[in-house]
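K.L.:
Now for the letters of each chain:
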Amino acid sequence: GQNIDQPTEMTATEGAIVQINCTYQTSGFNGLFWYQQHAGEAPTFLSYNVLDGLEEKGRFSSFLSRSKGYSYLLLKELQMKDSASYLCAVRDRGGGGNKLTFGTGTQLKVEL
Amino acid sequence: DGGITQSPKYLFRKEGQNVTLSCEQNLNHDAMYWYRQDPGQGLRLIYYSQIVNDFQKGDIAEGYSVSREKKESFPLTVTSAQKNPTAFYLCASSMGDGANVLTFGAGSRLTVL
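Going down the list, the sequences are from chains C and W. In terms of my numbering, the first sequence opens at residue 1 and continues consecutively. In terms of my numbering, the second sequence opens at residue 1001 and continues consecutively.
FYI, nobody ran anything at the bench for these hints, they're computed from the structure. Just so you know, these numbers come straight off a predicted model, no measurement behind them. Hints are not guaranteed to be accurate.
The following residues of chain C were derived to be distant from chain W, with all beta-carbon distances above 12 Å [said to hold, decoys possible]:
1. M10
2. V18
3. L54
4. G58
5. R59
6. Y70
Label pairs and their in silico Cβ distance ranges [said to hold, decoys possible]:
7. M1095/W x Q19/C: 27 to 33 Å
8. H38/C x F1012/W: 22 to 28 Å
9. T1079/W x L51/C: 22 to 28 Å
10. N1026/W x E14/C: 36 to 42 Å
11. Y1010/W x E56/C: 19 to 25 Å
12. N1018/W x Q19/C: 43 to 49 Å
13. S65/C x F1012/W: 44 to 50 Å
14. V1052/W x Q19/C: 38 to 44 Å
15. K81/C x Y1010/W: 21 to 27 Å
16. L51/C x E1062/W: 36 to 42 Å
17. H38/C x Q1056/W: 26 to 32 Å
Cβ coordinates follow ideal geometry from the N, Cα and C atoms, glycine included.
With the hints as constraints, model all of the structure from the sequences given.
P.N.:
What follows is the structure, encoded as C-alpha cells:
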C-alpha cells in the first residue's frame, strides 16, 4: 500500500513564499502530482514530477527526491486567490498502473 | 469547450434508495475514474475504467456500481448497501498513459437524509 503525509493546515501572508511538504512511502513509485482545490470545486492540476529535481511553472514550483520519498510545492508571491487545499498524489506501478493515491490535502490560508 | 460534466451537483436521498450520478466527458479520454472525498480525508478511489466495457474496483468499491458502455460516459450508482454514502463525489478522466494527468469534473454532493 501507500502512505502519504502532508500538513493539514498552513497560513501565510500575501506576497510571501510558502512551502508545502509531502512525504510518501510506496513500493513502485511512478510519479508525483500536485493539485489545487478550492472549496466545493474540482481539483486542478498544478505539477508533475517523476525524476529528482525542481520543476518550475510560473509562481509555482515542485521538487522531488525519490530517495527520500519527499516532495514539496513552493508558492511564490502569494495572492489571496491561492487560498485553497493543495493535494499531493502518488502514482504507483502496481495494481493496474494508472491509479493515483491522494494525501489528505493541505489547507492553505493566505492573509493580508 | 472540452471537459467533464457531472450531474446533479447536489442530490438528496433517503436511506435505502439507490441513486445514480452522471459523468460525461468530451475530451476523448480513454480512462475514467470515480473518487469520493470526505472532510479530513484524501480522495479515495471507488472505481476506474481504462477502456469501454471494462472497469476495475478501486479501494472502496463496496456499495457502489458502475458501467462503461460508451467511451464518454461513466455513471456511478450508489446503492443502499453503501453504509455511509453522504460525501462529495468526483469524476475524472485521463488519456490513460504517460503522465496520467487527471481532469476532474465539478463534483456531485450527495446527502442521505
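K.L.:
Against this structure, judge whether each hint is valid.
P.N.:
Hint by hint, here is what the structure shows:
Every C-beta of chain W lies more than 12 Å from that of M10/C, the closest at about 16 Å, which supports listing it as non-interface. Even its closest Cβ contact with chain W, about 20 Å, leaves V18/C beyond 12 Å, as expected for a residue assigned away from the interface. Consistency note on L54/C: stated as away from chain W, and its beta-carbon is indeed over 12 Å from all of that chain's, at 17 Å minimum. The Cβ of G58/C lies farther than 12 Å from every Cβ of chain W, with a closest approach of about 17 Å, so its non-interface assignment holds.
For R59/C, the condition that its CB be more than 12 Å from all CB atoms of chain W holds, with the nearest at approximately 19 Å. The beta carbon of Y70/C sits about 18 Å from the closest Cβ of chain W, which is more than 12 Å, so the claim that it is off the interface holds. Checked against the hint of 27 to 33 Å, the pair M1095/W and Q19/C passes, with Cβ atoms roughly 31 Å apart. Between H38/C and F1012/W, the C-beta spacing of about 24 Å keeps the proposed range 22 to 28 Å intact.
Checked against the given bound of 22 to 28 Å, the beta carbons of T1079/W and L51/C, roughly 43 Å apart, lie outside it. Here the CB-CB span from N1026/W to E14/C is close to 38 Å, well matched to the stated 36 to 42 Å. For the hinted restraint 19 to 25 Å between Y1010/W and E56/C, the CB-CB distance of approximately 39 Å leaves it violated. Between N1018/W and Q19/C the beta carbons are some 45 Å apart, a value that agrees with the proposed interval 43 to 49 Å.
Checked against the given bound of 44 to 50 Å, the beta carbons of S65/C and F1012/W, roughly 46 Å apart, stay inside it. For V1052/W and Q19/C, the Cβ-Cβ distance of about 42 Å falls inside the hinted range of 38 to 44 Å, so the restraint holds. At about 25 Å, the CB distance of K81/C to Y1010/W agrees with the hint of 21 to 27 Å. Roughly 37 Å separates the CB atoms of L51/C and E1062/W, a value that falls within the hinted 36 to 42 Å.
Evaluation of the 26 to 32 Å hint for H38/C and Q1056/W yields a pass: the beta carbon distance comes to about 30 Å.
Of the numbered hints listed earlier, those contradicted by the structure are 9 and 11.
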